[in-house]
Structure formats: C-alpha cells, structure tokens
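Chains as they are written, first to last, in the working numbering: chain A, 1 to 146; chain B, 147 to 541.
Be aware that a few hints might be false.
Derived pair list, reagent style SDA-like, types lysine to any residue, alpha-carbon separation capped at 20 Å [stated by the list, open to error]:
no., chain 1, residue 1, chain 2, residue 2
1, B, K462, A, P13
2, B, K462, A, Y2
3, B, K210, B, A196
4, B, K462, A, T3
5, A, K5, B, K462
If you only want the chain A side, here are some residues facing chain B, beta carbon under 10 Å, derived [as the list claims (entries may be wrong)]:
no., residue
6, I7
7, A60
8, Y118
Ranges between beta-carbon positions, derived for each pair [to be verified]:
no., chain 1, residue 1, chain 2, residue 2, range
9, B, I371, A, E70, 53 to 61 Å
10, B, D270, A, T3, 40 to 48 Å
11, B, R523, A, I47, 29 to 37 Å
12, A, L131, B, D436, 27 to 35 Å
13, B, R523, A, G133, 29 to 37 Å
It should be emphasised that the hints constitute simulated quantities derived from the structure, not laboratory data.
All values derive from a computational prediction rather than experimental measurement.
C-beta atoms are modelled at their ideal positions from N, C-alpha and C, and glycine is treated no differently.
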Amino acid sequence: MYTEKVIDHFTNPRNVGELADANAVGQVGNPVCGDIMKMYLKIEDGIIKDAKFKTFGCCAAIATSSVSTELIKGRTIDDALKLTNKEVIDELGGLPPQKIHCSVLAEEAIKKALSDYYIRQGMSEEEADKLCGVTETSCDHCHAKE
Amino acid sequence: MSDIKYFDHAATTKMSKEVLDAMMPYLTDYYGNASSVYSIGRKSREAVEAAREKVAAAISAKAKEIYFTAGGSESDNTIIKGVAKAKKSKGNHIITSKIEHPAVLETCKQLEKEGFEVTYLDVDSRGVVDLEQLKASIKPETILISIMFANNEIGTIQPIKEIGAIAKENHVLFHTDAVQAVGNTPIDVKEMNIDFLSMSAHKFYGPKGVGAMYIRTGVVIDKLIAGGHQERSKRAGTENVPGIVGMGKAIETACSSIEKNAAYLSGLRNYFMDEVGKRIPHIRKNSNTDCCLPGTANISFKYIEGESLLFMLDAKGICASSGSACTSGSLDPSHVLLAIGVPVEVAHGSLRISIGLENTKEDIDYLLDCLSEIVERLRSMSPLYEDFLNGKYKL
Ligand SMILES: Cc1ncc(COP(=O)(O)O)c(C=O)c1O
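Take these sequences, add in the hints, and give me the full structure.
Structure below.
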C-alpha cells in the first residue's frame, strides 16, 4: 500500500522535532480527524533556513510532513508558497488514494506557517492568510460526515 | 519469517501441523467429489461426515444441524437473509447490536433497504448489550435476534444464555455470530437456546475459506446459494473436502483442551494488560478482562495514532491490529470503540493484541519493550503530546 519512500520517511523522519528559534509556526488538523501537523520554520532574508515538524497521525501524515520539510528548506518564501500537495505526492512516489489528504495537510501546514511569519512581521491576519492562500483546512471538510 | 511475533489471532491463526496433515490426503490422493458413488467419492463423503460430527460435538449440536459454508461471512449472510426471507410474512423486524462484525451489520443494512426494520442495541462501557433494552425492543413483528457471542475487536463475551432465554420466552429466533468464540470459550447451543450459530475455521487454527452454520432442527430458512443438493440442499456447491476435514480436526483439537488453553491465554493477556499499564502512561484499557475472550487485549495509547504504531511494530517483526480510522478504511475509527464510549481522539490510538497458543511470556516481554519504546518515540513527535505536557490539552 505504501511506497518504499513513504516507509523510509516514516521510519526515519527527517527534520522531526521543535525549532527553538523558529520565527514561523503553523499548525493544521485536529485530533478528532486523527491528523495534526505542526511546522516550525526559521526564515532569514526571505529564505527558509531551517524547517522542522511535529505530527500526530498515520504513516502518510508523518512521511508527508517529513518530505515537505526537505522540499522547502532553502526555498524563498515565494517558492515555498508554490509547494503543492502533488509535488509532495510525487516526491514520495505516490500515496494511496485515501491518504491524499495527508499531502494536502502538509501543504496547508506550510502555508499556515508562512502566514504566521508575515503576521509576526506586522501584517494583518486576514492579509497574511490571503497572501499565503490559507483557507479553512481540509480537515474541516473531512469530518463533515454524511 | 521466523522472527515474526504474531499477536493477531483474532484476524486469523496459523494452521497447525496436525490440521495440515489431516487435510493432505484430501488435497492429493482422495480428490473425489463427495457426491460421487465410487470409492474415492465415498472416501470424501465419509471424511465430510466425520468432520460434521466433530463440529457438532464442539457445540453440543447434532451432526445434521451443521452445514458447511465458505466461512463466517457466508454463514452470517445465509442465516440472517434466510430468516428474513422465510419469516417475512410473520414480521420485518430484526434486533442486533451496535458492535457486530460488518458481516452482520452490512447484511442488516441491506435488509433495511429492502424494507426490514433493524434495531441496533447499545452496549455498556464493557461492550455488553443491555438486556432490558433487548426485552423492550421485542415486538410482534420481531423475527430475529442476532447478537455476536464474542466481539472481534475488544473481546467482550455476551450473556448468550440470558439472551437465548429472552428469545425463547418471546418466541423469537436467535442467531449468534460465534466466529471469535468457537474454540476459545465453551458453547452449548441447547443449553444456551441458540437457534443459529456462525463459525469460521481459520480463527481456531484451521484453514481459511471454510466455516459452518448451525441451524436448529425444525427451523426452516431460505437458502442463499441455490444449486445442487449439497449440504441437504441448504448450501449448494461441491464440498471443500480438504477444508472441511481441516476444520473438523481443528475444532476437535481446540475444544478438547479449551479450558487449559483459555487459562494459558488469559494468563499471558492479564500479564500484558497489567504490565502495559505499569510501563506506559496515558493509556485507556478498552477490554474488560472480566467478560472477555482469553487472548484479546484492546488498549488506546493517547496522543498517538494507531496506524503509525502498527507500522513501527511491524518494523520490529510484531503483527497486531488497530481500530484507528486509518486502518478501518473509513474516516471514523472503530464503531466498536465508539459504541463503548471511547472518545474519537482516543480511539485513533487503539491497538488490538490477540494472543495465541504459540505465544510465550518472552514474546509478551518483547512486545512490551517494543511498545514502550515506540509509544515514547511517537509521542515525542506528536504536537498533541506537546500540548498535553504544556497543560494545553488533555485526553
Ligand atoms: C465476529 C466475526 N464475524 C465474522 C467474521 C468473518 O469471517 P470470515 O472471515 O470467515 O468470513 C469475522 C472474521 O473476521 C469475525 O471476527
């Protein structure tokens, strides 16, 4: 069901933990859904110098968090905002259909963290969320049960 | 394969050597169709009938009350749909519980679409059905009560004898899905007033894809599989002779030492339950050992998720299962855990250990060591646990 790459990122997650000097933090998901991702970024001169994560969730949630931190490290904010869940899936060599939402969550967590960065720089929350494309997270939909 | 530690006996069991040995002649030399008149056909017929005697003896039934099927799901479907069709003119109401296996629940849902009314009984925090609610739910239209003998996720054993008595008093037919119970806990269909029972060989060290149903003499139901006259026209299809032989051998072996085995399994299970509580904080024990299958232990580890726990255990060679949403194939965690009142957030972190006869105390110690390490590791990665440590969140 999972690719080797997913299993690798799950068993040896890269960049796991907290970042003491993070200047951008974003968290998405909720415990009822069973997935929470928290991204910590250290941004200097518009570039993501370091990224770490903490995740509560399944293998795919942990693997997508791990691979996303790798993908955005060294990127400019603008480039990091361009990260899509598709890129995350491709990097992992694919995800089972019922786990696609984990990659969406990873994308959203990064956007949320980048928005937090702008907010810390003095931007209004509304403006920052708009700039970073932060909407209600996919988790809010996933528990709209039939 | 040799370093696999298998703790998933409620999912399936490893077929024993003696079962394989018993089956082997029927997979090789004695390939005759049990309906054929010549010698190798008769040989198969004799083997099937001998197995039927063994299955009957295991639950105190008569041989002619046993019908072989392709497993638990088929038995459940045949009985529930068969009663529904046969008794339609009498009524359209069925009573079951909220914690049944999907083989029962989905069958009931199908019948609801066809105009049947189904009552899903609540269970208490142990997973035991409410007998007062059962009595109150019975009405003139009630044609069947279907309550599982023992639950596959948490192991709860129902007060089957009491339910049988209630069914009899009210002249309602009573089916029990005993797939998890057979071979693990004594069953007497006469004493317990059971009209129909489902079982499956692979849960008691027999082969997969073979099961049986007990149908009390005198009760008539419609058939699910029409065709030839096999199984006295109640279930068509050339008999799975090797499978049936294996099932006979397996049930005989399991039931001949049922008390001794149960004592062994519950000893290991209780040790596991006690130790896990001592060694790992913030857990919830979802199985109540007072009314539980001997080898089953369901627990939730708060602030982590079950699927990631399973994969980390797998990396250590440990096989177990979880009721997390991620492993249930739906958005929601186990319907059984929710029915006994486990909060959704806690149900996500559930683990089911089902201990079998080949497990040893050393295996349990290894499991405990791995679990302590893995739970700690996953918690160290969990933002929920961080919030808990900071006093911001508590499950
Ligand atoms: C309680 C219960 N009922 C029915 C079944 C289905 O049995 P089978 O896999 O033989 O169809 C199972 C097996 O998972 C079970 O545990």
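- [ ] For R523(B) and I47(A), compare the CB-CB distance with the range 29 to 37 Å and indicate the outcome.
- [x] holds (31 Å)
- [ ] Could you check if A60(A) really has its C-beta closer than 10 Å to a C-beta on chain B?
- [x] Since the shortest Cβ distance to chain B is 8 Å, the answer is holds.
Open item on the list: Range first: 29 to 37 Å. Now tell me if the beta carbons of R523(B) and G133(A) are that far apart.
Closed with: holds (33 Å)
Open item on the list: Tell me if the beta carbons of L131(A) and D436(B) are separated by a distance inside 27 to 35 Å.
Closed with: violated (59 Å)
Open item on the list: Need the status of pair K5(A), K462(B): alpha-carbon distance at most 20 Å?
Closed with: Roughly 18 Å between the alpha carbons, so the hint for K5(A) and K462(B) holds.
TODO: Mind checking the alpha carbons of K462(B) and P13(A) for me, to see if they're no more than 20 Å apart?
DONE: With Cα atoms ~17 Å apart, K462(B) and P13(A) stay inside 20 Å; holds.
Task: Distance restraint hint 53 to 61 Å, applied to the beta-carbon atoms of I371(B) and E70(A) - done: holds (54 Å)
Open item on the list: Against the 20 Å threshold, does the CA-CA distance of K210(B) and A196(B) hold or violate the hint?
Closed with: The given pair, whose Cα atoms are some 12 Å apart, holds under the 20 Å limit.
TODO: Under 10 Å, Cβ to Cβ, is where Y118(A) needs to be relative to chain B, so tell me if that hint holds or is violated.
DONE: Nearest chain B Cβ about 22 Å off; hint violated.
Task: Given pair status - Y2(A), K462(B), alpha carbons within 20 Å - done: holds (17 Å)
Open item on the list: So if I understand the rule, the pair passes when the alpha-carbon distance is 20 Å or less; does K462(B) with T3(A) pass?
Closed with: Roughly 19 Å between the alpha carbons, so the hint for K462(B) and T3(A) holds.
Task: Hint check: 10 Å Cβ-Cβ cutoff, I7(A) to chain B - done: At 7 Å from the nearest chain B Cβ, I7(A) passes the 10 Å test, so the hint holds.
Checked against the numbered hints given earlier, this structure breaks hints 8, 12; the rest are met.
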